[in-house]
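S.K.: These are the residues of each chain, in order.
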Amino acid sequence: MSTSAITPVPLGRRLKRFMADRPLVPLIILLVILVVILQILRPGIVNERWIANTIKFAIPLAILAGCQTMTMLTGGIDLSVGTVATMSAFIMATQIVSQDPAVAFLLAMMPAVLIGLVNGIGVGVFRVHPLIMTLGTSLIGTGCLQVYQRTVIASGAKIPDFLAWLGTGVTYGFPNALLLFVPLAALIVFTLARTGFGRLLYAVGDNERATRLSGVQYWQVITALYVTSSMLAGITGLLYIGLIKAPSLSLAEPLVLPSVAAAVIGGTSIFGGRGGYTGTIIGALILTVLTTLLTILQMPEGARRILFGLIVLFVTAAYLRIVEER
Amino acid sequence: MNHFLRRQGWVSGLFALLIVLFIVTKLIQPGYGSGDFGSLARAVLPYAFAVAAQTVVVIAGGIDLSVAAMMALTSVTAASMMAGASEEYALFVVPFVLAMGFVLGALNGLLIVVTRVPDIVVTLAMLFVLQGAALLVLGAPGGAAAEWLKAMISGTVPIPGLPDAIDAWLPKALLVLIVCLCVIWVPLRRSRLGLSIYAIGSSELAAFRSGVPVARTRIIAYALSGLFAAMGGLALTMSTGIGAPIPGPYLLASVAAVVLGGVALGGGKGGLLGPIVAVFVLRLVRTDLTLLAIDPNVTAIIEGLIMVAVVMFGAFITMRGRQ
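Protein chains in written order, with our numbering: chain A, 59 to 384; chain B, 7 to 329.
One thing to keep in mind: the hints can contain errors.
[Said to hold, decoys possible] Chain A is faced by these chain B residues, among others (derived, beta-carbon under 7 Å):
1) L130
2) G138
3) L187
4) W191
5) L271
6) A299
7) N303
8) I307
9) I312
10) M313
11) V314
12) V316
13) V317
14) A321
15) F322
[Said to hold, decoys possible] Which stretches of chain A does chain B cover? Using the computed rule of at least three CB atoms under 8 Å from a CB of chain B, they are:
16) 200–212
17) 312–322
[Said to hold, decoys possible] Residues of chain A clear of chain B, computed beta-carbon distances all greater than 12 Å:
18) I103
19) V104
20) N105
21) E106
22) P159
23) L165
24) F220
25) L224
26) L242
27) A304
28) P305
29) M357
30) A361
31) L371
Hints are computed from structural coordinates only; laboratory data are not their basis.
Built from N, CA and C at the ideal position, the CB exists for glycine as well.
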């Protein structure tokens, strides 16, 4: 009986295996480290109000990143979310002036459904590359929005009180936006993990051919997926306009690339078949805290962007290393 | 001839479309002449280089989201170096900026190979980095360009022995474009390296097993993309006389033209000619819409529709061909 057989695995290896089995752990550690750095740099900044604020700004990013997560699971990507969110926000803000809130809401969600449907048909039926398809529809959407802006320029815009309450309000230290986000996130996590539709998304991303041969109607799955993604983006737009309170034609555009980054940092593979929404939420939180951190350092805008890019790259690379240890 | 047409079917179709568009333009605006063609060529120049940059990478099976940011960075670098400097100094600036693009592009490729992070994410991160660097170099649009550089793309090429009427249809910008692209692309296409780029785009595993140095080829493909993007940046500075740190709409346009030009996203197929013709088509459509006095915002919608329709059509054709 040799003693080498029961030699304990070195601690470092064990730690690595532990992290690889629970990919969320390193992400949470990173998030905590970032918050600690923030606290050291600016003692006292991390308080109840700051946390509420961070969560408020992370939520729109997290929902958009949810769109990216779901589409990435099938090996796609949805770059039209920024335009869709902007459209729904802008239409809501301008239609509420003359319309009933319910009608304005329906009008605001209409382009979202439409763009999602076109995306889905293009990707699912015509097999266009999702990157191109969603870029194209976002181009069309932006154009339509600009034309639309001309027609409402006289009537002005206003932010509905309800959306402002939802976007910026804080009740007992909890941002009201959580009322929307928690059920939504729970629904996404549940759909991905427990329902047939969620399993189909993973299956399509993992091996499309095998999925089709086992009788799955590929185009139906993809169309449903892109419509869902677009509607989520539309809801995000409504939430975001309540937060920013200034309708513009490029409102949610700056969130698109960070939403992709959040999903990737959260461990969703851009090639499909692997990932989940919980990681994405933490990814969105990490990016939001990171932005605060870079703002506090009072660096010039250019240096901030450089650091942002480098950190996103570094985190993704390190994360891939850890997860792929298995 | 038949064989040629079948192989170059997509590109010939594009050429036909371009000619039709020229005829349409002439019908809309009977006065459309050589001067307008010259300004079309000048407007196409930065787009064409952006598209060339994207094409090389897409053929190698990747994608480069940092093209527009790279152009912004190289443009502001060139403009700020040439501001207040002598005309001769620009002779040093041009190769410096081109080398910068090449090195930064190679860095893109190196990061993809070393970190094993998907190319889309690496170039996305680089987009932020390059954008930030451009803002550090020049906080607001400014700088200057040497006179001889500006003169290089304005006016026409005087060829002795040719009547002025034909001469007028040869804008210098077009010549610059053709020369710059050919100097790099033609030797590349005929070389072992060019073949390797197509090979890794077609099937990385097969390329690796047949002894193609996959990592090195990928890095060089991105480096070439950076070089083309630097040319695009220089073209921007040449045509505007300044440098602007905010990236233009070149990323979207480059991806659109690449797909329209018959280069398959996924790699291994297509050439440089198709995408370049596609850029001319896209710009000419825009000119036509302007000539028809259509609202520029509607123009954006129509451009998007054309792009989506063409891509759907292309995908449909390939699907039919496969069955």
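S.K.: Work down the list of hints and note, for each, if the structure agrees.
M.R.: Structure-based check of all given hints:
1. L130: holds, 6 Å
2. G138: Check passed: Cβ of G138/B comes within 3 Å of chain A, closer than 7 Å.
3. L187: Result: violated, 23 Å to nearest chain A Cβ.
4. W191: violated, 23 Å
5. L271: holds, 5 Å
6. A299: violated, 15 Å
7. N303: holds, 4 Å
8. I307: holds, 3 Å
9. I312: Interface hint status for I312/B: violated (9 Å vs cutoff 7 Å).
10. M313: For M313/B, the interface hint holds, since the closest Cβ of chain A sits about 5 Å away, which is under 7 Å.
11. V314: With Cβ-Cβ at 4 Å, under 7 Å, it holds.
12. V316: With a closest approach of 9 Å, the V316/B hint is violated.
13. V317: Holds: closest Cβ of chain A sits about 5 Å from V317/B, inside 7 Å.
14. A321: Since the shortest Cβ distance to chain A is 5 Å, the answer is holds.
15. F322: holds, 6 Å
16. 200–212: n = 6 at 8 Å, threshold three: holds.
17. 312–322: Since 4 is at least three, the answer is holds.
18. I103: Nearest chain B Cβ is 24 Å from I103/A, so the label holds.
19. V104: holds, 26 Å
20. N105: holds, 30 Å
21. E106: holds, 31 Å
22. P159: holds, 28 Å
23. L165: Its Cβ never comes within 12 Å of chain B, the nearest being 19 Å, so this holds.
24. F220: With a cut-off of 12 Å, F220/A remains clear of chain B, as the shortest Cβ separation is near 31 Å.
25. L224: holds, 30 Å
26. L242: Check passes; 25 Å lies beyond 12 Å.
27. A304: holds, 20 Å
28. P305: Holds: least Cβ distance 17 Å, greater than 12 Å.
29. M357: The assertion about M357/A is violated, with a minimum of 10 Å to chain B.
30. A361: It is violated; A361/A is separated from chain B by about 6 Å at its closest Cβ, not greater than 12 Å.
31. L371: violated, 4 Å
In this structure, the hints that do not hold are numbers 3, 4, 6, 9, 12, 29, 30, 31, in rising order.
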